[in-house]
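Asks: Those protein sequence lines, which keep their order, are chains S and B. Each residue of the first sequence is one higher than the one before, counting from 0 in numbering that gives the first Met the number 0. Each residue of the second sequence is one higher than the one before, counting from 0 in numbering that gives the first Met the number 0.
FYI, nobody ran anything at the bench for these hints, they're computed from the structure. Yeah, the Cβ is synthetic: ideal placement off N, Cα and C, and Gly gets one too. There may be inaccurate statements among the hints.
So the derived label-pair ranges between C-beta atoms look like this [to be verified]: (1) Gly78(S) / Pro19(B): 42 to 50 Å; (2) Asp87(S) / Thr282(B): 40 to 48 Å; (3) Gly53(S) / Asn121(B): 55 to 63 Å.
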Amino acid sequence: MYAIQVEGLSKNYHSAKSGKYAGLGKPSASPDQVDGVTFDVHQGEIFGIIGPDGAGKTTLFRILTTLLVPDSGTAKVDGYDVVTELKDIRQRVGYMPGKFSLYQDMTVEENLNFFATVFNTTVEENYELVKDIYQQIEPFKTRRAGKLSGGMKQKLALSCALIHKPSVLFLDEPTTGVDPVSRKEFWGMLRKLKEQGITILVSTPYMDEAFLCDRIALIQDGIFLQIDSPQGIIDQFAQTLWAVRSNNMSKLLRDLRAHPAVDTCFAFGDVHHVTLSNDSYTIAELHDYLAQLGHSTIEVHVIKAGIEDCYMQLARRVDPHSNNH
Amino acid sequence: MLKFLLEKEFKQILRDSFLPRMIFVFPVVMMLLLPNAANMEVKDINVCIVDNDHSPSSERLIQKIGASPYFHITSTAPSYRQGMENIENETADVIVEIPVFFDKSLEKESAAKVFIASNAVNGTKGGLGSSYLSAVVADFSSEIRAERIQVVDHHSSPAITTATTYAFNQSLNFKRFMVPAIMVQLLTILCGFLPALNIVSEKEKGTIEQLNVTPIKKSTFILAKLIPFWTIGFIVLSICFLLGRYIYGIYPEGSLLTLYFFAGIFLLAISGMGLLISNSSSTLQQAMFVMFFFLVILILMSGLFTPVSSMPQWAQYITIFNPLKYFIEVMRMVYLKGSTIKDLTTQLYALLSFMIVLNGWAVMSYRKNS
Chain S
0 MYAIQVEGLS
10 KNYHSAKSGK
20 YAGLGKPSAS
30 PDQVDGVTFD
40 VHQGEIFGII
50 GPDGAGKTTL
60 FRILTTLLVP
70 DSGTAKVDGY
80 DVVTELKDIR
90 QRVGYMPGKF
100 SLYQDMTVEE
110 NLNFFATVFN
120 TTVEENYELV
130 KDIYQQIEPF
140 KTRRAGKLSG
150 GMKQKLALSC
160 ALIHKPSVLF
170 LDEPTTGVDP
180 VSRKEFWGML
190 RKLKEQGITI
200 LVSTPYMDEA
210 FLCDRIALIQ
220 DGIFLQIDSP
230 QGIIDQFAQT
240 LWAVRSNNMS
250 KLLRDLRAHP
260 AVDTCFAFGD
270 VHHVTLSNDS
280 YTIAELHDYL
290 AQLGHSTIEV
300 HVIKAGIEDC
310 YMQLARRVDP
320 HSNNH
Chain B
0 MLKFLLEKEF
10 KQILRDSFLP
20 RMIFVFPVVM
30 MLLLPNAANM
40 EVKDINVCIV
50 DNDHSPSSER
60 LIQKIGASPY
70 FHITSTAPSY
80 RQGMENIENE
90 TADVIVEIPV
100 FFDKSLEKES
110 AAKVFIASNA
120 VNGTKGGLGS
130 SYLSAVVADF
140 SSEIRAERIQ
150 VVDHHSSPAI
160 TTATTYAFNQ
170 SLNFKRFMVP
180 AIMVQLLTIL
190 CGFLPALNIV
200 SEKEKGTIEQ
210 LNVTPIKKST
220 FILAKLIPFW
230 TIGFIVLSIC
240 FLLGRYIYGI
250 YPEGSLLTLY
260 FFAGIFLLAI
270 SGMGLLISNS
280 SSTLQQAMFV
290 MFFFLVILIL
300 MSGLFTPVSS
310 MPQWAQYITI
320 FNPLKYFIEV
330 MRMVYLKGST
340 IKDLTTQLYA
350 LLSFMIVLNG
360 WAVMSYRKNS
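Same shape as in the complex, but just chain S (with noise of 0.2 Å):
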């Protein structure tokens, strides 16, 4: 039984003017076809949204929630069908958007309550499903929502979306703009519901966060590159991936690029990794070529890919032109 099941699903915001396309699908090589995203999400099951952003993801979102209606393709909730069924599925699901969108001048417990009320349903009904996230903010209940900090909105918002005991949550970037340690804490309470037999669909521009989710689909202008677990997508990745440092690192960039075996070249943080296209090319030959140039205290070793390297490179199989920026 699949809890989200999605098929050929496009919506676009089609610029006349300057002929670029937005939202989720890309046109196809047909003309007035539009290549839509396809996917099927199992019960239970953590399924991440891995993408930049203006990617598509809150607009797969919105059409999943019904918000939106799409162009073209089909999608199912539960079992319901999005466009023609969206009052069983709004009875259904939990929608967490990705801006703050409860109640600033309500406290904490008229929120809760509210959106308790509005489900037909108590506080007191539900209370277990959402006590573990909802004792933290507890002690602030009295206190309006607006004066809230990131953290603690987020887990009352959280607990809002939980309280009618939705099958399916939908949570449309929860951890932009919040600290590494809620970030941390979030993710342990969507394992905790996981437990508790609830769907739940996520998406997130951080690639760190792709193995916290059973499985991710990575997504580049509104089409998905590539669908299965994180671990699944790593192993995926064939090239030998080196991580080189020297002392100059701009200048190393301009260098590695302009290397007739380096096939890409991208910057991570302290050290640029380098994939070849050359495999009988070594590390050694690399040292020698960047000393040449005068690079001094130069490190290369090889690492293991993580899924931004593969996002990379599968990005830069659909659309050659996204490469060294």
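Guided by the hints, dock chain B onto chain S, whose structure is given.
Replies: Leaving out everything else, chain B in the frame of chain S:
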């Protein structure tokens, strides 16, 4: 469901530190200020006299002008040119020039001329000022004539005098005319625009998004937005009735129930208009701008300040589509003439059609998804 939503709305309105006070300060200030300030009566016209005759007759005319409640003789000038200077530095609004031999021509030819020049920068004041003056002069001339006829012959030339009474507002009290109309303006802002702004602000804050994924029906949501402001509208209207009664001594000749009945229909119609605006705007700024646009047009073309019948024909056609016009008519007719629902069927049908069309349109254009 509606109960919980209403509870939330009232809670939010009352919790707002600004809105509840404003809702009560606003009508009081408007009721105290506008009927006194927005007064179209022209009084206190400053007159400059240029008397070239200095005769008993000219003296008598000047006294007559000075005795009128509308005029203040603020200056006298030796010549018309100097009188003009007074107009230019705004110490005078009207010049009355009495020519030389005024007295003599009256005696000999039984006719004389008086020259009146008025400052028409403020058209109303200039126009009314000179016509009031003409009336005073005409009055003066009939007095003179009456005296002479008495002397010469008691039986010739029957004179026609006009006696004027003002129906429904005998003292021509301008406030009786303004106060009911100002109440309409208040209701328009409170019940048409406030709920609309409230909805748009939910859109802007994103909270509407959270509600849209809940099973709340859109009609329930909209009703929950409107009912609090209707309640406020009726309270404010009652405050206005009381203020009108105790401050201005103005009370409806007709029944208060008629007024409440029409107010109810008007509230529904005007809230429909507000909803339409809120549906089509996504930010408060947009909504505010559209509202100002309509508010100015609706108020100026409603007959609140200038009578609809004196507008050009094309403008009168436009006012057919102005719900304010009908409600202002209702208010004035009930207040001044004591009209009943039976006398106000045109207005009733007009307001009912506005109510149905505007709300129907608003409900159809509101979407929980896009």
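Asks: Hint by hint, which ones does the structure fall short of?
Replies: Checked against the structure, the only hint that fails is number 2, while the rest are satisfied.
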